[in-house]
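Enquirer: Next come the chains, spelled out residue by residue.
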Amino acid sequence: MIDLHGYGGLLLDGFKLTVLVGVASMALAIALGLIGATAKLTPSATIRWLAATYTTVVRGVPELVMILLVYYGVPTLIQDIATAFGHDVRVDINSFVAGVATIGFIYGAFNTEVFRGAYLAVPRGQVEAAYACGMSRWRTAWRVTLPQMWRYALPGLGNVWMVLLKATALISVIELHELMRASQVAAQATREPFTFYLIAALMYLALTIVSMQVQQWLEARANRGMEGV
Amino acid sequence: MDTILDTLPRLLDGAWLTIQITVLSVVIGLVLAVPLAVLRLSPWAVVRWPVHAFIFFFRGTPLLVQLFLIYYGSGQFNGALESVGLWTFFREAYFCGVLTLTLNTTAYTAEILRGALQTVPHGEVEAARACGMRGLLLYRRILFPKAFRIAWPAYTNEVIFLLQATSLVSIITLMDITGVAQAAASRTFAFYEMYLTAAAMYLVLVYAVLFVFKRIEYRLTGHLRPVGVAPEPTAPEPEPAAPQAAATQGASQDGRTP
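Going down the list, the protein sequences come from chains C and B.
According to the working numbering, the first sequence is numbered sequentially starting from 1.
According to the working numbering, the second sequence is numbered sequentially starting from 1.
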């Protein structure tokens, strides 16, 4: 058996934090995705342009640069602006908040595309039928559009979740003690980097496998009313 | 502004390193991915299984872990590596960076190609077989040309992702765009200026790659365009990547989603 030199608990704590960061970022990303998709489908050209800029910029900038920008750049930017107005403030962002905000922001852009695709996949006639039955816009969204979007969005959301989960490893560069950082600490202390990074890799792999199972189950459940899917 | 101008020459050096690493990994990765995709579809489980395991590992774990596993992890075996004369390579961050990125993109590309190969209509393969083609000839004339066309949009995404993923090599001390920006930022305290400049440089590189790849896609699908209708694309559309994965099966689904 592999000797963990007493670092098993640290790794487990890191593992839990990774799951927590992942879930929190995904929740933020889903919220931003719904907002973004709505923005992309509005008649207003300005709002559509804003949403397009959001997805375009996020798609072209590496996650690492984005994380560094938010964690180190935003506080200094705020301080500089405050100084310009004659105030002296010190801003520090908590690394958990910075990490979740950045990852959520990035994958919100990808979820925007997922939800937009899902919305367009719902047949237009169904919405018209709902209006014809006298349903309001909100009720139509809640009863007709959203439940069906869920079905179309699931494969895409599952993919985004798995990429997002792996992206959380990058938060270790801003000193958040998630799984990657924990294994780094253990690797340096024990001088057995290979052992500990391999364990970390296997833990991420386990998360991926569990996610795939859950996704399959959710998809089967979402498609239970459909024929031959 | 002055600090940005002062660092600009070094940032451009960094950009050159970023481009170098990207091109090396993409080219070697593609060369390795083609045979792996074929092996992945082999009827023999003995062949199929190890390839599957390789792809699954590299797609299922974060790139950062892979990078550390190779760069720092190799230190645990430096004695063994030295005895076979490989330690000089593994000591180099550049070598480890390119190796990791290559293996990573190989796994993703192989999976994209596998998906594409599987969506080639069976009738075309049967027709080719009926004409007496088999083995490499069948692959060269029928399967690969078709599969590459199907895989191209997903492959474009993969290359863009790899380009952005090269930013991770800055963590193992290489001075690519991110590395230079980080060093300059911590020296001058111009954090947001530096990182925004770096972000802008990546943005330019990504859309340059996208432009070239869209051009190639346009050429690849020439025979599918209605005659005299579609004009040359002027600017590349910032293609949404994720819905491809949601909407179509096969090729695009197996790429790195976003």
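One or more hints might be untrue.
Said to hold, decoys possible - Okay, the calculated bits of chain B under chain C, using three or more residues with CB under 8 Å as the criterion:
| id | stretch |
| --- | --- |
| 1 | 7-16 |
| 2 | 72-85 |
| 3 | 114-120 |
| 4 | 198-209 |
Stated by the list, open to error - What follows is a set of in silico ranges between Cβ atoms, one per label pair, in the way DEER data are often shown:
| id | chain 1 | residue 1 | chain 2 | residue 2 | range |
| --- | --- | --- | --- | --- | --- |
| 5 | B | L220 | C | V91 | 26 to 32 Å |
| 6 | B | S42 | C | I93 | 49 to 55 Å |
| 7 | B | T119 | C | L20 | 48 to 54 Å |
| 8 | C | G125 | B | S42 | 42 to 48 Å |
| 9 | B | S83 | C | L50 | 56 to 62 Å |
| 10 | C | Q126 | B | L137 | 45 to 51 Å |
| 11 | B | R48 | C | A129 | 44 to 50 Å |
| 12 | B | I4 | C | A132 | 54 to 60 Å |
| 13 | C | A129 | B | S42 | 30 to 36 Å |
| 14 | C | Q126 | B | D2 | 43 to 49 Å |
| 15 | B | G135 | C | G125 | 47 to 53 Å |
| 16 | B | P50 | C | V214 | 26 to 32 Å |
Treat the hints as calculated values from the structure; they're not laboratory data.
For glycine and all other residues, C-beta sits at the position ideal for the given N, C-alpha and C.
Enquirer: Each hint needs a verdict: does it hold in this structure or not?
Expert: Hints, one by one, checked against the model:
1. 7-16: n = 0 at 8 Å, threshold three: violated.
2. 72-85: As far as the stretch 72-85 of chain B goes, the hint holds, because 6 residues have Cβ atoms under 8 Å from chain C.
3. 114-120: violated (count 0)
4. 198-209: holds (count 6)
5. L220(B) - V91(C): 26 to 32 Å: violated (50 Å)
6. S42(B) - I93(C): 49 to 55 Å: For I93(C) against S42(B), whose Cβ atoms are near 51 Å apart, the range 49 to 55 Å holds.
7. T119(B) - L20(C): 48 to 54 Å: violated (38 Å)
8. G125(C) - S42(B): 42 to 48 Å: holds (46 Å)
9. S83(B) - L50(C): 56 to 62 Å: This hint holds: roughly 60 Å between Cβ atoms.
10. Q126(C) - L137(B): 45 to 51 Å: holds (50 Å)
11. R48(B) - A129(C): 44 to 50 Å: holds (48 Å)
12. I4(B) - A132(C): 54 to 60 Å: At roughly 59 Å between Cβ atoms, A132(C) and I4(B) fall inside 54 to 60 Å, so the hint holds.
13. A129(C) - S42(B): 30 to 36 Å: Violated: the Cβ-Cβ distance is about 50 Å, outside 30 to 36 Å.
14. Q126(C) - D2(B): 43 to 49 Å: With a Cβ separation near 59 Å, Q126(C) and D2(B) fall outside 43 to 49 Å, so the hint is violated.
15. G135(B) - G125(C): 47 to 53 Å: Given a distance of about 50 Å, which is inside 47 to 53 Å, the answer is holds.
16. P50(B) - V214(C): 26 to 32 Å: Since P50(B) and V214(C) have Cβ atoms about 27 Å apart, the given range 26 to 32 Å holds.
Going through the hint list in order, the structure does not satisfy hints 1, 3, 5, 7, 13 and 14.
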